[in-house]
Amino acid sequence: VSTPQPPFLGRPDPPVTPDTQQWWEATSRQVLMVQGCRRCGHRQLYPRVICTACFTTDLALCEATGAGTIYSYTTVMRSPDPALFVAPYVVALVQLAEGPRILSNILGAQDGGLACDAPVRLVWEPLPDGRCLPLFALATETGHG
Amino acid sequence: VSAATRAAIVGVAESDLGVTGRSPLELQAQAAVRAIEDAGLSMSQIDGVATVGIPRFPAIQAAEYLGLRPTWSESTFTGGSSFEVMTARAAQAVISGAASVVLIAYGSNQRSARSRRLAGVLDPTQPESQFDAPFGPLSPVSTYAMAAQRHMHEFGTTSEQLAEIAVAAREWALLNPAAFRHGSGPLGVADVLASPLVSSPLHTLDCCLVTDGGGAVVVTTLDRAADLAKPPVLVFGHGECSTHHGVSQIRDLTSTGAVRSGEAAYRSAGLSPADIDLVQVYDSFTITALLSLEALGFCGRGEGGAFVSDGRLRPGRGFPFNTSGGGLSYCHPGMFGIFLIIEAVRQLRGECGARQVAHPRIALCHGTGGILSHNATLILGVE
Chain A
13 VSTPQPPFLG
23 RPDPPVTPDT
33 QQWWEATSRQ
43 VLMVQGCRRC
53 GHRQLYPRVI
63 CTACFTTDLA
73 LCEATGAGTI
83 YSYTTVMRSP
93 DPALFVAPYV
103 VALVQLAEGP
113 RILSNILGAQ
123 DGGLACDAPV
133 RLVWEPLPDG
143 RCLPLFALAT
153 ETGHG
Chain B
890 VSAATRAAIV
900 GVAESDLGVT
910 GRSPLELQAQ
920 AAVRAIEDAG
930 LSMSQIDGVA
940 TVGIPRFPAI
950 QAAEYLGLRP
960 TWSESTFTGG
970 SSFEVMTARA
980 AQAVISGAAS
990 VVLIAYGSNQ
1000 RSARSRRLAG
1010 VLDPTQPESQ
1020 FDAPFGPLSP
1030 VSTYAMAAQR
1040 HMHEFGTTSE
1050 QLAEIAVAAR
1060 EWALLNPAAF
1070 RHGSGPLGVA
1080 DVLASPLVSS
1090 PLHTLDCCLV
1100 TDGGGAVVVT
1110 TLDRAADLAK
1120 PPVLVFGHGE
1130 CSTHHGVSQI
1140 RDLTSTGAVR
1150 SGEAAYRSAG
1160 LSPADIDLVQ
1170 VYDSFTITAL
1180 LSLEALGFCG
1190 RGEGGAFVSD
1200 GRLRPGRGFP
1210 FNTSGGGLSY
1220 CHPGMFGIFL
1230 IIEAVRQLRG
1240 ECGARQVAHP
1250 RIALCHGTGG
1260 ILSHNATLIL
1270 GVE
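So the protein sequences, as listed, match chains A and B.
Each number in this note's numbering comes from the position in the first sequence (counting from 1) with 12 added on.
Each number in this note's numbering comes from the position in the second sequence (counting from 1) with 889 added on.
You may find that some hints are simply not true.
[Stated by the list, open to error] Now the in silico label distances, taken between C-beta atoms and shown as ranges:
id, chain 1, residue 1, chain 2, residue 2, range
1, A, 141, B, 1163, 55 to 63 angstroms
2, A, 62, B, 1141, 17 to 25 angstroms
3, B, 1191, A, 34, 34 to 42 angstroms
4, B, 894, A, 50, 24 to 32 angstroms
5, B, 944, A, 43, 35 to 43 angstroms
6, B, 1157, A, 52, 13 to 21 angstroms
7, B, 891, A, 68, 26 to 34 angstroms
8, A, 94, B, 1157, 28 to 36 angstroms
9, A, 69, B, 1133, 15 to 23 angstroms
10, B, 1140, A, 125, 25 to 33 angstroms
11, B, 1005, A, 74, 35 to 43 angstroms
12, B, 1191, A, 131, 45 to 53 angstroms
13, A, 50, B, 1191, 36 to 44 angstroms
14, B, 1066, A, 141, 32 to 40 angstroms
[To be verified] Part of the chain B face toward chain A, derived, beta carbon under 10 angstroms:
id, residue
15, 1017
16, 1018
17, 1042
18, 1135
19, 1137
I should point out that these hints are in silico values taken from the structure, not numbers from a laboratory.
No residue lacks a Cβ here, since even glycine has one placed at the ideal position from N, Cα and C.
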């Protein structure tokens, strides 16, 4: 677990809704979940009350490995909120091994070493309320997490 | 098909553009008055009102401000593509008889009010507040930046090729006295690449302007259009497709819903990309225009970079594209879609002066809303 560190000084507090409560609870144990459909096997994020593949409602959270690749990325050069984010920092869409994609940050990497389809690994950043935020680092790099 | 069962655009206008110091309702009303005058109609003949952008009840608010009590209202909010959608809805309404004359209007003072936020605007009940906002993406630019990055990865597209889209837009703006950048002089590829990165690989000059502005479009049936002031511009076809709301839900960053909206528009018009004389495509960012050119069939998938790099989007090169100067160099008051229609109508009527294209008969207008979220295609023409 890495503590919040520049370029991330803090985070907009993510709200919780009933359909995402279990997912956020798992993050406080540093477990990354994806939602699976018991009917068709489709896996999805964000958690919700319907399967977006077969439209049935029998869904359960299952643990993800945390392995993934960068589907795409961008280095943000202008901070939307300098009290929280110090530009430059990297925002990426991570393709999880289980199928769904999530938006996250890539730690410890500016444009050097970043590439679409590069493998990444999961690291966690604690939030003030005990939940954690899933972040990623290039799988080839050590020193984070 | 009889003239009573065909829809036509009979009036178009912009409000003041740029930095106006006016309110959104003022700008919207200014455009509405000018468009109705352009049509040779009076405000009292309007029985349908379509608008979006003002909070809460936009069509009702607009009607009240204008002194109207319309019997048909429409506010489908699909972002920048809203006005392509509303024009199609208005065409359906006048053909069905649900309305006889529809006013579509828009106004925004986002530059004067400094109301844009780099992170965009989210409601806490939206999933993006939980799953996207904590990571600090700029919205919308970071999504378009990631689309550009992925396009470069898959197809070898370059920043120079994207920059050419901004360069061509500026060339057109130099010919349009209403363009925000009309007096700014030409732009080179090197200027775009030298401008600061906002969200890599997109530079400041890959991004549209932030201006005030309003626009209005008046729609009625072709037979009612016959005795009005200007030659009618027919609505030949329309298609739309909604694909996602949040960035994590995008299935394919390099193939947009414009594929399906374009196919539907061509099918309903009985036309193909080869029939289009004039292309007006939403250019919120250079990559937006490139993705739409591919998806709408003007070039193959992944070929957009090579397609634009020979300068064919510039004036006089045989592919009339965003002839107003586009969102990149003409104006961009938050939702640009209505200005695509206004420019297409003026070009089809032959009113465009120094930037007039030689005798276009069929125009395609394509709006992109949200973060590549909604695509709407409208095919207009004269007979």
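Going through the hints against the structure:
1. A:141 - B:1163: 55 to 63 angstroms: At roughly 59 angstroms between Cβ atoms, residue 1163 of chain B and residue 141 of chain A fall inside 55 to 63 angstroms, so the hint holds.
2. A:62 - B:1141: 17 to 25 angstroms: Holds, since residue 62 of chain A and residue 1141 of chain B (Cβ atoms, about 22 angstroms apart) stay within the stated range.
3. B:1191 - A:34: 34 to 42 angstroms: holds, 41 angstroms
4. B:894 - A:50: 24 to 32 angstroms: This hint is violated: roughly 51 angstroms between Cβ atoms.
5. B:944 - A:43: 35 to 43 angstroms: Given a distance of about 40 angstroms, which is inside 35 to 43 angstroms, the answer is holds.
6. B:1157 - A:52: 13 to 21 angstroms: violated, 34 angstroms
7. B:891 - A:68: 26 to 34 angstroms: violated, 48 angstroms
8. A:94 - B:1157: 28 to 36 angstroms: For residue 94 of chain A and residue 1157 of chain B the Cβ distance comes to about 49 angstroms; the hint is violated.
9. A:69 - B:1133: 15 to 23 angstroms: Cβ of residue 69 of chain A to Cβ of residue 1133 of chain B: about 21 angstroms, so the range 15 to 23 angstroms holds.
10. B:1140 - A:125: 25 to 33 angstroms: holds, 27 angstroms
11. B:1005 - A:74: 35 to 43 angstroms: holds, 40 angstroms
12. B:1191 - A:131: 45 to 53 angstroms: Between residue 1191 of chain B and residue 131 of chain A, where Cβ atoms are some 24 angstroms apart, the hint is violated.
13. A:50 - B:1191: 36 to 44 angstroms: Hint holds: Cβ distance 38 angstroms, inside 36 to 44 angstroms.
14. B:1066 - A:141: 32 to 40 angstroms: Check failed, 56 angstroms falls outside 32 to 40 angstroms.
15. 1017: Interface hint status for residue 1017 of chain B: holds (9 angstroms vs cutoff 10 angstroms).
16. 1018: With a closest approach of 5 angstroms, the residue 1018 of chain B hint holds.
17. 1042: Hint on residue 1042 of chain B: holds, closest Cβ of chain A at ~4 angstroms, below 10 angstroms.
18. 1135: holds, 8 angstroms
19. 1137: holds, 5 angstroms
Comparing the model with each earlier hint shows violations of hints 4, 6, 7, 8, 12 and 14; every other hint is respected.
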